[in-house]
Amino acid sequence: MLEISRAASDSFDEVVRQRESQVLRSAYRMLGNWADAEDAAQEVFLRLYRHGMNFRDEAALGAWLYRVLFNLCVDRARVARPAAEMPELQAREPAADSTLLREEQKQRLTAALAQLPARERAAIVLREIEGLSTDDVAAILGSSEGTVRSQVSRALTRLRSLMKGER
Amino acid sequence: MTEEELRSLLRELRDEPVPADSLVRMRQGLAQRVEARRMKWWWIPALLAPVCLALIAVWFAVPALTPVPTPAPLAVLNPTIPPTEAAPVMRSITRPKAAPRNNMTIRIETPDPEVVILLVADEPKGTGTL
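Residue numbers (this note's numbering), protein chains in the order written: chain A, 8 to 174; chain B, 11 to 140.
FYI, nobody ran anything at the bench for these hints, they're computed from the structure. Owing to the predicted nature of the structure, the values given are computational and were not obtained by experimental measurement. Just to be clear, a hint being listed does not mean it is correct.
Here are a few chain B residues that sit away from chain A, every Cβ distance over 10 Å (derived from the structure) [stated by the list, open to error]:
1) Ile54
2) Leu57
3) Leu65
4) Ile66
5) Met114
6) Ile127
Label-pair ranges, simulated between beta-carbon atoms [as the list claims (entries may be wrong)]:
7) Asp25/B - Asn61/A: 27 to 35 Å
8) Trp52/B - Ser160/A: 47 to 55 Å
9) Gln114/A - Ala30/B: 16 to 24 Å
10) Ala42/A - Leu58/B: 35 to 43 Å
11) Asn61/A - Ala71/B: 36 to 44 Å
Just so it is clear, CB atoms sit at the ideal spot from N, CA and C, and this is done for glycine as well.
Using the sequences and the hints given, assemble the complete structure.
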């Protein structure tokens with residue numbers, strides 16, 4: 008019994024080690040600040056600890072983690088708006104150096120992501136940043152593939168507008 | 011910025027490193043919460059283990075101490091025998107005791123010593139005399 012408990016604990020620790028960066032980064036993309044992202048990631052792994060490691064494969068585990076994270080982020084987004092740590096979205100002079108320019112674009116994109124509605128943000132984070140298939144994103148968000156495609160398309164349009172400095 | 015450039019920029023975000031201090035804070039917070047959860051329930055197995063052992067011990071000890079059931083309680087508990095049928099049995103047992111109650115015998119001696127007349131009569135019910 009003790010051995011089983013220890014094995015489960017080892018397995019849990021292993022999953023945390025493998026997935027902590029991914030979950031924390033996704034939480035940050037969805038919530039917009041690191042403090043909330045840390046809390047959300049902790050809650051995700053705590054729920055995994057309670058749930059147990061009964062998954063048929065790695066993909067099922069990943070989908071479960073994303074689904075819990077998405078639900079947590081939607082709940083948090085209802086009570087607090089993100090972007091506390093986001094840089095201001097203002098039209099700036101482009102940086103001279105290409106690397107600096109790229110970094111600046113990433114910062115602005117991160118800030119723009121925080122302006123999206125929660126479901127669109129989750130759809131584009133999972134589909135375009137995490138690289139999941141539309142089918143997987145639909146399963147995680149509990150919607151159809153058509154809805155996900157539509158959300159991603161709308162999110163891309165909004166992001167392009169925000170990146171240009173439009174409102 | 012075209013849509014393809016935007017998608018490319020989004021993909022680059024995937025590989026961005028997580029700040030080390032944020033990762034450390036998340037690990038520490040998670041470790042504390044998992045440990046708190048483990049400590050919260052430690053007393054349940056500690057309490058249940060001796061209780062289970064005691065129950066198992068009682069389970070095996072009780073059959074040896076149980077007396078062999080006697081037939082009488084089983085007969086009483088048998089639902090096929092109605093309790094009213096026991097009464098006539100009791101009456102049939104007590105009736106023979108009343109049989110020798112008051113038979114009257116009259117002995118008449120004749121002149122012949124070899125001949126004796128015996129008159130035997132049952133006492134009529136409801137009367138005390140012949």
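How the hints compare with the structure:
| no. | hint | result |
| --- | --- | --- |
| 1 | Ile54 | holds (13 Å) |
| 2 | Leu57 | holds (16 Å) |
| 3 | Leu65 | holds (18 Å) |
| 4 | Ile66 | holds (16 Å) |
| 5 | Met114 | holds (92 Å) |
| 6 | Ile127 | holds (102 Å) |
| 7 | Asp25/B - Asn61/A: 27 to 35 Å | holds (31 Å) |
| 8 | Trp52/B - Ser160/A: 47 to 55 Å | holds (52 Å) |
| 9 | Gln114/A - Ala30/B: 16 to 24 Å | holds (19 Å) |
| 10 | Ala42/A - Leu58/B: 35 to 43 Å | holds (40 Å) |
| 11 | Asn61/A - Ala71/B: 36 to 44 Å | holds (39 Å) |
Hint check: no violations occur; every hint is consistent with the structure.
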